[in-house]
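Just so you know, the sequences run in chain order S, A and G. Here the first sequence stands for residues 1 to 225, where the numbers follow the UniProt record's numbering. Here the second sequence stands for residues 1 to 242, where the numbers follow the UniProt record's numbering. Here the third sequence stands for residues 1 to 218, where the numbers follow the UniProt record's numbering.
These are calculated hints, taken from the structure and not from any lab test. Heads up, some of the hints might be wrong.
Below, a list of computed lysine to any residue pairs in the SDA-like style, where the Cα atoms sit at most 25 Å apart [stated by the list, open to error]:
1) Lys75/A to Leu45/S
2) Lys158/A to Leu105/A
3) Lys112/A to Val141/S
4) Lys211/G to Gly14/A
5) Lys125/A to Glu114/A
6) Lys75/A to Arg136/S
7) Lys65/A to Lys125/A
8) Lys118/S to Leu80/S
9) Lys158/A to Gln66/A
10) Lys118/S to Gly97/A
11) Lys94/A to Gly59/S
12) Lys117/A to Ala134/A
13) Lys118/S to Asp15/A
14) Lys94/A to Ser71/A
15) Lys235/A to Lys94/A
16) Lys65/A to Ser25/A
17) Lys117/A to Gly133/A
18) Lys75/A to Leu11/S
19) Lys211/G to Gln221/S
20) Lys94/A to Arg215/S
21) Lys210/G to Gly58/S
22) Lys94/A to Gln221/S
23) Lys158/A to Val147/S
24) Lys214/S to Gly97/A
25) Lys65/A to Leu3/A
26) Lys94/A to Leu36/S
27) Lys118/S to Lys235/A
28) Lys54/A to Gly21/A
29) Lys235/A to Ser199/A
30) Lys19/S to Val29/S
31) Lys210/G to Ala111/S
32) Lys210/G to Arg215/S
To give a feel for the contact side, a few chain G residues facing chain S, derived at Cβ under 7 Å [stated by the list, open to error]:
33) Val190
34) Cys198
35) Pro200
36) Tyr204
37) Tyr207
Glycine included, every Cβ here is placed at the ideal spot set by N, Cα and C.
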Amino acid sequence: MGPTLDFLTLLPYVSELLKGFTTTVILTVVTTLTGLSLAVAVAYLRVNAQPWVRWGLGGYVEVTRNTPFIVQLFFIFFGLPGLGIKIDAITAAFIAMTLNLAAYSAEILRAGISATAKGQLEAGRALGMTTLQSYRHVVLVPAFARVYPALISQSIIVMLGSAVVSQISVFDLTYAANFIQSRNFRSFEVYLLITLVYLLLAFGMRRSFMLVGKRVFAYQQGEQR
Amino acid sequence: MTLVYVDNVHKAFGDLKVLKGINLSVAQGEVVAIIGRSGSGKSTLLRCLNQLEKHDSGQITIADKQLDAASMSPKELSENVGMVFQSFNLFPHKTVGENVCLAPLVVRGEEKAEVEKVAREVLEKVGLSDKYGAYPAQLSGGQQQRVAIARALAMRPKVMLCDEVTSALDPELVGEVLRVLEALAAEGMTLILVTHEMSFARDVADRVVFMHQGRIHEEGAPSELFSNPQTPELKQFISAVL
Amino acid sequence: MIEFTFWDILRNLLLATRWTIVLSLIAFVGGATVGLLLTFMRLSSNRWLQRLTSLYVDLFQGTPLLMQLFLIFFGAAAMGHPISAWLAASIALTLFTSAFLCDIWRGCLEAVAKGQWHASRVLGMNYFQTMRHVILPQALRLSIPPTVGFSVQVIKGTALASIIGFVELTKAGTMLNNATFEPFTIFALVALLYFALCYPLSCYARYLEKKLYDAGLR
Ligand SMILES: Nc1ncnc2c1ncn2[C@@H]1O[C@H](COP(=O)(O)OP(=O)(O)OP(=O)(O)O)[C@@H](O)[C@H]1O
Ligand SMILES: [Mg+2]
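All chains, full assembly: derive it from the sequences and hints.
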């Protein structure tokens with residue numbers, strides 16, 4: 001085999017590519033939503049809950065941040081059935097990605113909340129709101145706005161990290177790549193193409209996040225006086 | 001009629017004793033200006049009055065009801081005491097109208113239409129009825145502070161606390177906020193304000209309270225107090241700020 | 001079949017941890033060297049050099065580390081020069097690390113206030129004097145916490161070398177799992193060992209960050 005590139009050999013595998021692409025996109029969209037939602041709950045509870053809850057959640061966050069994603073995935077997929085909890089590969093991937101994103105994002109959000117909260121919480125309390133009401137109505141959105149860029153990056157990191165779910169046979173983009181190169185033996189072309197797809201996904205994700213942010217956080221732009 | 005009654009209130013942060021036995025009573029409709037050096041405990045006293053800080057001992061009564069967690073819920077407290085902050089603390093993601101409506105809606109559970117009507121009224125009162133749909137970022141500091149006043153008014157509190165509400169403003173914006181407060185006072189609103197604007201204290205307040213090292217050192221009618229201070233501390237303070 | 005006691009498992013995992021550490025060190029030292037070079041390329045006044053480095057950084061930050069690993073490992077083979085998993089992992093992790101460190105360090109250099117440049121210019125210092133005496137010392141202090149923090153990502157990144165067959169901690173875990181069928185114990189232990197490597201570094205990074213913050217530099 002010479003060092004020439006031949007992308008035509010990929011043509012017969014368009015349906016595999018599409019399948020892998022769809023899986024990666026769906027996994028990413030769903031886990032971004034669930035992960036960020038969970039992060040909000042974790043960030044809130046880490047500040048306001050009973051000490052033992054805070055402690056437990058602190059443990060979860062630290063363990064998640066200080067172990068590789070692939071090990072978390074293996075633990076959930078291979079390890080939990082040992083305890084009698086049986087889950088299929090895609091569910092395991094979904095859980096692992098959600099927990100991973102939530103742990104990082106909760107820390108990011110917590111920083112945003114502590115930078116935002118004091119004035120907003122006091123104003124809320126002076127108006128008779130409970131802590132939960134204040135969070136819901138006046139703390140969360142400004143805190144999100146403050147750390148939005150970091151949350152975008154983290155969500156993208158989790159999307160890129162999801163390449164690893166191929167290792168438990170989830171038919172994602174990387175799995176498709178492995179599958180195709182095992183048939184056509186053009187590993188370099190396949191991986192180059194798939195890498196490019198990931199790059200575009202990351203780019204697209206950033207763009208869509210920013211578009212959403214521009215609408216949701218439009219209040220930050222001062223014009224009329 | 002006494003509306004706010006403070007009896008021997010103490011407050012410490014760790015070892016730092018900030019309030020060392022405050023006694024104060026404020027009548028309905030009275031305007032009380034609190035002055036004093038930085039660190040004398042003015043903000044802390046104000047914050048105890050709406051329980052942003054819990055006092056350690058002593059009693060605070062507002063409209064004949066004792067102020068503590070057991071006898072007054074946050075909701076009830078907010079219907080008695082309104083507060084305006086030095087740094088405005090507007091909700092940046094909500095329009096002016098939403099800022100004003102939020103607490104009546106979520107805390108009191110009032111009808112939306114009714115709340116919006118009230119919001120327009122109080123915004124009218126602070127001269128900002130045309131900014132109903134604007135976001136705080138689109139307003140000047142003076143306008144933001146007036147929205148904050150309107151927001152507090154919308155809860156129809158019996159007494160309003162103002163902690164240096166003009167200190168964060170550019171000099172040319174101070175006037176518009178003070179005029180709003182003056183109008184409120186003229187309407188009979190009970191006001192307790194911490195201020196560094198001595199001329200405002202002199203012109204608008206019924207009584208001036210001078211705090212020094214956690215105690216009320218001297219108090220009296222503004223004309224009396226400013227022209228004829230009794231204690232050397234107040235003399236020194238007045239000569240320093242005037 | 002050979003029987004594995006708990007201690008056998010632990011001993012084997014610990015032995016494999018050595019390779020995780022070695023690979024992490026290589027990646028970190030290699031990555032720091034390349035990253036430093038990139039940072040200076042990024043700072044140069046040559047437009048193309050700047051563009052090239054930011055493209056490099058964007059490419060490595062915008063694609064999965066696993067793909068980078070595959071491209072190097074399988075790419076080399078496809079080009080007719082097969083390399084070992086060991087070498088492929090070292091190269092991929094070095095490049096990956098260098099991109100992130102370059103980005104972190106550039107941020108630190110830019111975080112040193114513009115006023116510092118102006119002040120130095122007014123005092124008559126040229127570019128290199130300013131850099132050497134004013135900017136770099138400040139940027140260096142700023143850069144240490146995030147750099148230590150990123151070393152945790154490097155260690156975790158080495159786990160992917162297992163996928164191309166390099167026997168480090170994660171691979172040892174999967175191999176032991178295939179031999180013993182005790183996935184819960186094994187992967188819990190694997191996680192624990194990574195945690196033991198990473199957590200102290202995370203704490204140290206946080207401590208350094210707090211020290212900077214208390215010194216008023218953040
Ligand atoms: N939450 C707190 N924790 C610890 N110390 C506090 C706290 N709030 C206030 N203090 C301290 O209590 C003292 C009185 O503070 P306070 O804010 O009441 O003063 P002030 O009279 O309002 O001063 P200023 O004119 O500067 O606003 C100060 O020494 C301050 O540092
Ligand atoms: Mg004060």
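Going through the hints against the structure:
A hinted pair counts as satisfied when its Cα atoms are at most 25 Å apart, and Lys75/A with Leu45/S qualifies at roughly 23 Å. This hinted pair checks out: Lys158/A and Leu105/A have alpha carbons roughly 19 Å apart, not beyond 25 Å. Distance check on the hinted pair: Lys112/A and Val141/S sit about 22 Å apart at the alpha-carbon level, within 25 Å; holds. Distance hint between Lys211/G and Gly14/A is fulfilled; the C-alpha atoms sit about 24 Å from each other, no more than 25 Å.
For the suggested pair Lys125/A and Glu114/A, the alpha carbons sit about 17 Å apart, so the restraint of at most 25 Å is met. For the proposed pair Lys75/A and Arg136/S, the alpha carbon gap of about 17 Å is at most 25 Å, so the pair holds. Taken as a hint, the Lys65/A and Lys125/A pair is broken in the structure, with Cα atoms around 29 Å apart against an allowance of 25 Å. Note on Lys118/S and Leu80/S: the hinted pairing is violated, with a Cα-Cα distance of about 41 Å set against a maximum of 25 Å.
For the hint pairing Lys158/A with Gln66/A, the CA-to-CA distance comes to about 15 Å; that is within 25 Å, so the pair holds. As the CA atoms of Lys118/S and Gly97/A are separated by approximately 22 Å, the hinted pair is consistent with the 25 Å bound. At most 25 Å may separate the alpha-carbon atoms for a hinted pair to count; Lys94/A and Gly59/S exceed this at roughly 35 Å. At most 25 Å may separate the alpha-carbon atoms for a hinted pair to count; Lys117/A and Ala134/A meet this at roughly 17 Å.
Annotation: proposed proximity of Lys118/S to Asp15/A holds, straight-line Cα distance about 23 Å (limit 25 Å). The suggested pairing of Lys94/A with Ser71/A is violated, with an alpha-carbon distance near 32 Å, which exceeds 25 Å. About 45 Å separates the Cα atoms of Lys235/A and Lys94/A, which puts this hinted pair outside 25 Å; it is violated. Between Lys65/A and Ser25/A the CA atoms are separated by roughly 14 Å; this keeps the pair inside 25 Å, and the hint holds.
For the hint linking Lys117/A to Gly133/A, the alpha-carbon distance of about 14 Å falls within 25 Å, and the restraint holds. For the hint linking Lys75/A to Leu11/S, the alpha-carbon distance of about 67 Å lies beyond 25 Å, and the restraint is violated. Taken as a hint, the Lys211/G and Gln221/S pair is broken in the structure, with Cα atoms around 34 Å apart against an allowance of 25 Å. Restraint check: the Cα-Cα separation between Lys94/A and Arg215/S comes to about 13 Å, which is no more than 25 Å; the hinted pair holds.
Note on Lys210/G and Gly58/S: the hinted pairing holds, with a Cα-Cα distance of about 18 Å set against a maximum of 25 Å. Our distance criterion of 25 Å between C-alpha atoms is met by Lys94/A and Gln221/S, whose separation comes to about 12 Å. Proposed proximity of Lys158/A and Val147/S is contradicted: the alpha carbons are some 39 Å apart, above 25 Å. Proposed proximity of Lys214/S and Gly97/A is supported: the alpha carbons are some 21 Å apart, at most 25 Å.
Taken as a hint, the Lys65/A and Leu3/A pair is honoured in the structure, with Cα atoms around 10 Å apart against an allowance of 25 Å. A distance of roughly 22 Å separates the Cα atoms of Lys94/A and Leu36/S; the hinted pair therefore holds under the 25 Å criterion. For the given pair, Lys118/S sits about 36 Å from Lys235/A by alpha-carbon distance, which is inconsistent with the 25 Å threshold. Taking the CA atoms of Lys54/A and Gly21/A, the gap is near 14 Å; set against the 25 Å cutoff, the hint holds.
Taken as a hint, the Lys235/A and Ser199/A pair is honoured in the structure, with Cα atoms around 16 Å apart against an allowance of 25 Å. Restraint check for Lys19/S and Val29/S: the C-alpha separation of about 15 Å stays at or below 25 Å, so the hint holds. A C-alpha spacing of about 13 Å is found between Lys210/G and Ala111/S, which places the hinted pair at or below 25 Å, so the restraint holds. With a CA separation close to 35 Å, the supplied pair Lys210/G and Arg215/S exceeds the 25 Å bound.
The closest approach between the C-beta of Val190/G and any C-beta of chain S is roughly 5 Å, which is under the 7 Å cut-off, so the hint is satisfied. Because the closest C-beta pair between Cys198/G and chain S is about 4 Å apart, less than 7 Å, the hint holds. Annotation: interface hint on Pro200/G violated; nearest CB of chain S at approximately 9 Å, more than 7 Å. At its closest, the beta carbon of Tyr204/G sits 12 Å from a beta carbon of chain S; the interface hint therefore is violated under the 7 Å criterion.
Evaluation of the Tyr207/G hint against chain S yields a violated restraint, the C-beta minimum of about 14 Å exceeding 7 Å.
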